Amino acid sequence: MSLHPFVIELLQFALLLGLAPAFAGWVKVLKCRVQGRTAPGILQPYRDIRRLFGKDIVLAENASWLFRFTPYLTFGVTAIAAGIIPLISVDLPLSATADVIALVMLFGIVRFFTALAGMDIGTAFGGMGSSREMTIASLAEPAMLMAIFTVSLASNSTSLTQMVSVMAHSEFVIRPSLAFALAAFILIALAETGRIPVDNPATHLELTMIHEAMILEYSGRHLALIEWAGMMKLTLFFALGIAAFCPWGIATGGDTGLLLLAFVALSAKLVVGACVMVLIETGLAKLRIFRLPEFLGSAFLLATLGMIAFFILE
Amino acid sequence: MVQELFAPSSLILIATLLAAISGVPLLLPWLLPAARAQLLSVAVLLAAACTGLTGTVLLLLSGSTTLFELAWTLPFGPARFGVDPLSAWFLLPIFFISGCAALYARSYWHADHHCDTVRKVTFFFGVMTASMSAVVLARDGISFLFAWEIMALSAYFLVSAEDEKPEVNEAGTLYMITTHTGTLGLFALFPLLNLLSGSWLFPAPASIHASSGLSTAVFLAALFAFGMKAGIMPLHIWLPSAHANAPSHISAAMSGVILKIGVYGLIRTLSFFHDIPLWWGGSVLTLGAVSGVAGVAFAIGQHDLKRLLAYHSIENIGIIFMGLGVALVGQKVGSPAMMLLGMSGALLHVLNHATFKALLFLGAGSVIHATGSREIDLMGGVARRLPYTALLFGIGAVAICGLPPLNGFVSELLIYLGLFQGIQGEGWAAAAAALAAPALALVGGLAVACFVKVYGIVFLGVPRAGAYAPRHEAGWQMLLPMLLLGLLCLAIGLAPGAVTRPLQLVSLSILPAAVRTEGLPLKELLPTTMISLSGVLLLVLISIVAVWYRRRLAGSVSSETVTWGCGYQRPAPRMQYSASSFAEMLTSIFAFVLKPHCHQPEGITGLFPRTSRFFSHVPEAVLELVYTPALERLYERFLPIRRMQNGILQQYVLYILITLVVLFLSDYR
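Line order of the protein sequences matches chains Y and Z. In terms of this note's numbering, the first sequence opens at residue 1 and continues consecutively. In terms of this note's numbering, the second sequence opens at residue 1001 and continues consecutively.
If we strip away everything but chain Z, and leave its shape as in the complex, we get (with noise of 0.2 Å):
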């Protein structure tokens, strides 16, 4: 009994529950004044994530398979969880940022300064834990369907945390009906799948053959679905607005989690299919590609800290979704090494953009607190006051550029490699990884670009505007959850041998069974010890460097002097390069697709030319200039039908009274 207890599955099943009574603490304000509360409800939510982690990581060692029967009156068959290495692999992201994230919150949004909205805060933060962690454990269409509601609910009322804000609402309606309409997808799903196997458990890997019409109608079903969760380009119109309204710690759990849910889902379904036509992943490749160019290409144009976060994680999304496009392209060819490079690749920047975004979400928090604003162009200065802040940023810049010696090298390498051998096939799957190949290449140039814009303007420098420079550094409970983040973005980044072993298992387990027998070892595919190497000298030579300096340092007298600013005497902070300006040239270059806005100034004429302004704005394109009149032209239409809602309660009665009528006369005949 009480080694069933300590079993992964147990631990990984008991974190769960933690999870999701964590929140109670604070609903009982009888009992315990609200910090008091919240600071037990981090301890409960800490300890789950604690739990989870170990079994998840015990799990991912062993690499056994674990199923719950519950028994189930309803009649669609059991309900049954499970845990297998693709969810173990899910689960660590899932435990170990909400965990940090909780953390994070005890210092950022505490019970002393916002007391009207913590409880609601921590308590569906605990749930969106829990939630999110069934939806990976469910093995059945119907379970994972409620813990889906349940996480995007939850999802929901954190988004909108704050609204009394308007644009909080605006953000937080649109998500809703977007993750809706989503679902509406997943309804879709099920029942399809339903057909081809005759149950709403799921089926076995690879058990479907993907050629049948069905099939096809299931894989576009979870393509619109989870692309949805996940931000997929044209899909992607929620996120911006929700990650940037949302409070930081949220925004991280969403951006590191939930979207990798969406991704999850897809990987999950895509399972259960054998000889996946060239399409399938073509689509998913192309869909990844201009998610990726396009994600980064909008994040340029920003000039909110936090959606400029956002739009880099539609970029994420992308290079996962081409990681899993080579995987699938790779099946199609029969290239082994095609799919194990890729699927590893998109797992692993599963893991590694989880790390690095969370711990870019927290450390914008840091700075929007410090500073009050959201706004780069208010910025800068910030590593002066903020040195730790600024440090531990700095480290998820260089990750999330892909640059070594940091984890989003190693994700981004794998996937380069299986594009180049895609290169060495032939015919189709050649031209696709060739096309692929330098889109990945543009989206790591322009994140570069991108990030050494918002490091330069916010961090760097002097402040731009007084009233919003940083005022204080962040707390050890701010800080902590940041190094831990960081901590791993360095450890997977020198050491991405030790995570060889795990990805080649979750991989086979999804990979069909052909590719199994091969025996080709990751180990082979990756060059490890280069990465290892090359990142341990790049660190000791950094480290040398630092310590010569600072010996050199305590010697040495440099003279200081204004910045030259070609022969003006009291350059003034305005006259820094902004984030707008930084961007011009790159935002002007894709204006096709970022159809940036540009107020140019009026009334510079004469002598002395009055007062004038020039701003500049890159809007969400996709929202205003498709999704937006098309739903107008439809609602137009659909007018007259909505007679039908005219908030009379006693008639929606009457429709639900109709509706069921007609249902049992239907079942009757």
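Chain Y on its own, in the form it takes in the complex (with noise of 0.2 Å):
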């Protein structure tokens, strides 16, 4: 049986939205374990969402339109985002707009109303959390495009779909590259999403925190988008990772058997990136923010090593 490509679309935002937070939980319960805590459970970030959406909103006095429209547009932008990178498929109708160019753009938008919303309020938490997340991002953003660059010069796209079919469809081979690559893509990755080395997502130490310093004044069902938001973007990192670097096992028609093929294999791929993610975050130590340049320089620089060794060696 072969499914609609519209019928695959809709089956992908629903894994997503459906499947993001128990991904969350599962990175928490990893490092729990890993870090000889009690596990919450699996389940707990849906518990959690449910009960921010049970709760009332109590709002800064000086809030804006901007800051309530806010969790809004973050969950809407990140679900379209949803809908364009290939997670079991690549037949997908909107697979049209998949230019990486224009994820890391979206990206960009949800970046830009959240930090404006943390200065909404005015305190100074909200912009000492906004200049620190814009600080960052804004030198994530070369080697960001310089990991993607490379990635896509093997198949001569920037489009995703295209890189995807390209890589799933060639033999194993290991590039030095994309080694590369993907060293600096992890380490944009944990920028990113806000994870240590960079930022705790745990914690709300006033001096430390990033993320959360901007998102300080939110509560009630704004709280759980964000949140919510937040967990598909982690997915969604992971979901990237998975499609530039090791896309094998994705379908490219809409074959019933192949999806949930296609699914299995995606889901062994999250469980294992977890894994890799958890260790990561348990062996380091958050850096001081004044260091953070340097850890994002050399991911610029592991990108740019891998365009070079794509040059001479490829």
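Treat the hints loosely; a few may be bogus.
Below, computed lysine to aspartate or glutamate pairings styled on DMTMM-like, alpha-carbon distance capped at 25 Å [as the list claims (entries may be wrong)]:
#	chain 1	residue 1	chain 2	residue 2
1	Z	1595	Y	294
2	Y	55	Z	1560
3	Y	269	Y	171
4	Y	286	Z	1560
Under 10 Å between C-beta atoms, here's a sample of chain Z residues computed to sit facing chain Y [said to hold, decoys possible]:
#	residue
5	1005
6	1548
7	1635
Hints are computed from structural coordinates only; laboratory data are not their basis. All values reported here derive from a predicted model rather than from experimental measurement. Even for Gly, the Cβ is constructed at its ideal location relative to N, Cα and C.
Take the two lone chains and join them into the complex the hints point to.
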């Protein structure tokens, strides 16, 4: 049985919306296990979201429409990104929009408005968070682009679906350029999704928080949407990495069996990917914020090395 | 006859003449009261803008070229004017921005409030518009220089509109000096071109081989003269103070259009050559990357709203130069895709930057009108009192950051794709493109950071200083031009397919004949449907959320409370992050270029420290640390010669006489 592309598209939306909290929960469980703590259970994020949706909203006095609008925008744009990145199949109606540069810009919009919302309420914390987030993001962008260009050199296109199909149909060869690009991508993904060693999502300590400082004033369903979007973003970065570096197993058509297979492959890759991230997060301490330019600089260098490796070796 | 009058080229000529005389009613105070005369002037300029835009659009659709010749008794040959697709493309922002700025000025610079300067500002604004149009139409060196000088001088009178203020005077003088230093480059450029082609008329496109030493000299002269006008990085010193001190609608026109005339000059000069060597493209690309990164880095450190926007102009000119560099490199390595993408990216960014930068300057004007200050750190919470200005400024901010679904994204994507084409090539071209791509990404990232700062500090939060709390929303005459500019940003962003045809037409009219035959449509290179689709999707999503949200809001009750300040009970407005604190991390990263001044607080000791203050400031480092010391040394060296310049008029007449006699004698021999 073959599914219509639109059905696959909807399936992908549902998959990401539904599975992102479970993935975030899985990361949390793993982390607790590795650090010798009692895990809250993989379903805890669902319970958190439900609890937050049930709560009333408390707004800061100075909040304008922008503050109240941003959670919806964040959630919606992240969901659009979910429709663009090929998770289980390349055959998507939105695949025409799957340009990697456009994708980076979509995350840029989310960041722009989240940072503005942080400044909207007129507090030192919001401004501090926005300032730090924008500093990190602006330095991460060149590295991100360099890594993306290195990967797209192999497929001669910046279209994500094109990249995925070229990769999925080629034989498995270890390419030095891709290895460097992957290393750079991991560093950037840690920075972009606010994980250790760049930011600690579990802390609300004033002096160190970055992302949490921006969204400090959010409550109730606003917070639920932002948290949910954050989980989706984490999953999406994993999905992006999987699509760019090891898309094997992804379906090229709408065949149900193949889709099921692709889903299993994706889940397995996500499970393994989470283990890698948890090991990184547990093994490293959070960097001082003034050291972050060096961290992002090394990501940029790695990506550049990848590109040079492509020119010289491939 | 009637048909000829309505031909696109005639419409453009009529518009130029109308613009030139638009300020005349204000010069006849005995006929009309100033306010009425201003209204008439604005109406004439608007008519000129509409006529000119009609002609330009018709011309871009047909793609024809028309030439006019004027009999001329000077020994330089005839004066020739012409309209071709390249001119028409640059005429678009000239007429559109001038029209918007003129309407804006009716309320912003109203005759009743600025009775002593309104004549000067209105008259020279019309002259400037006409002369910019004339520069773009000129087809020989001498008419070009005439128009160029009129443009430069009228801009000087506009910059120094409020010349009773010392800083305005200083900015005007600096502008005057630099613009004439740039003109010196043009004085070198046209004779050299004359040597190459044997005529003062502009040579045909791609008619001169670029490898000779003379060609190199022409290129360097053009890069210097036009780079000065465009404000490319080491030559930008006049730009921040001139844009900051001019009235806001003048800043909009200067930043939106005059800088682009510099870009036009460079593109026009480059179009004369074929077989352009790699280092031409390489140097344009490098200059672009340096201007882009340094421009935005300087912008982040600013806390004067208009100075900040001025530095962003330098950044955007850098992006345009990068596109141009990509096209030139592509020409050398024989990649039509690179040429077309780079050139059309640069051209589209010319129009885009004109649109959103004018929008931002006009928005800044409304804010300054309402708060009475240009200092960002004194503002805050402006969006509450000026909701429409805030919305429109927000559109401009998203557009300049290159985020979808607005126009900045489209032109930057074109340049990105051009760079990507370059990376796939070989040798130096690939290396140059590979280095330029992250520079462009860094520019984009820093621009987003900078506009979060501007928008967050100015429009959001609460007013930082009571005396500068915003008082009133701008009137419709100020809002309408901003709305038009915002709509154009949105239109190009949502339907880039509409501009690909004219862009292709203009690009092909200046690229060498070799590429023209290949027939590579821009539409296949740029995923226009992708951009439209994702843009529309985004907008639909936003509007659905907005409607749903309004419905919900009607019924929902949410409690309000004091913003959480780490347990502090009574947070004060001054506890908010300021522009300097927002930028602190980035300025310290770029401190090796920016050289920020920091005044550290003193006397914070003991249990009861006395009152102290901290401030930091990012100066114009290139001017203060490079040019001024060098020029001072030069001044000391030449002090003996300065004795000739003693202020006695008779002696000056004597100098002129001596010069003339010497010239006569040398010719007689």
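Straight-line alpha-carbon gap residue 1595 of chain Z to residue 294 of chain Y, limit 25 Å: holds, 21 Å
Holds or violated: residue 269 of chain Y to residue 171 of chain Y, with C-alpha atoms at most 25 Å apart: Holds, because 18 Å separates the two Cα atoms, which is no more than 25 Å.
Interface hint status, residue 1005 of chain Z versus chain Y (Cβ within 10 Å): Where the cut-off is 10 Å and the nearest Cβ of chain Y is about 46 Å from residue 1005 of chain Z, the hint is violated.
Per-residue hint verdict: residue 1635 of chain Z, partner chain Y, C-beta under 10 Å: violated, 40 Å
Given pair status - residue 1560 of chain Z, residue 286 of chain Y, alpha carbons within 25 Å: Cα-Cα ~35 Å, so violated.
Pairwise hint evaluation, residue 1560 of chain Z against residue 55 of chain Y, where the allowed Cα distance is 25 Å at most: holds, 14 Å
Supplied contact hint for residue 1548 of chain Z, tested at 10 Å Cβ to chain Y: holds, 8 Å
Consistency with the previously given hints fails for numbers 4, 5, 7, ordered from lowest to highest.
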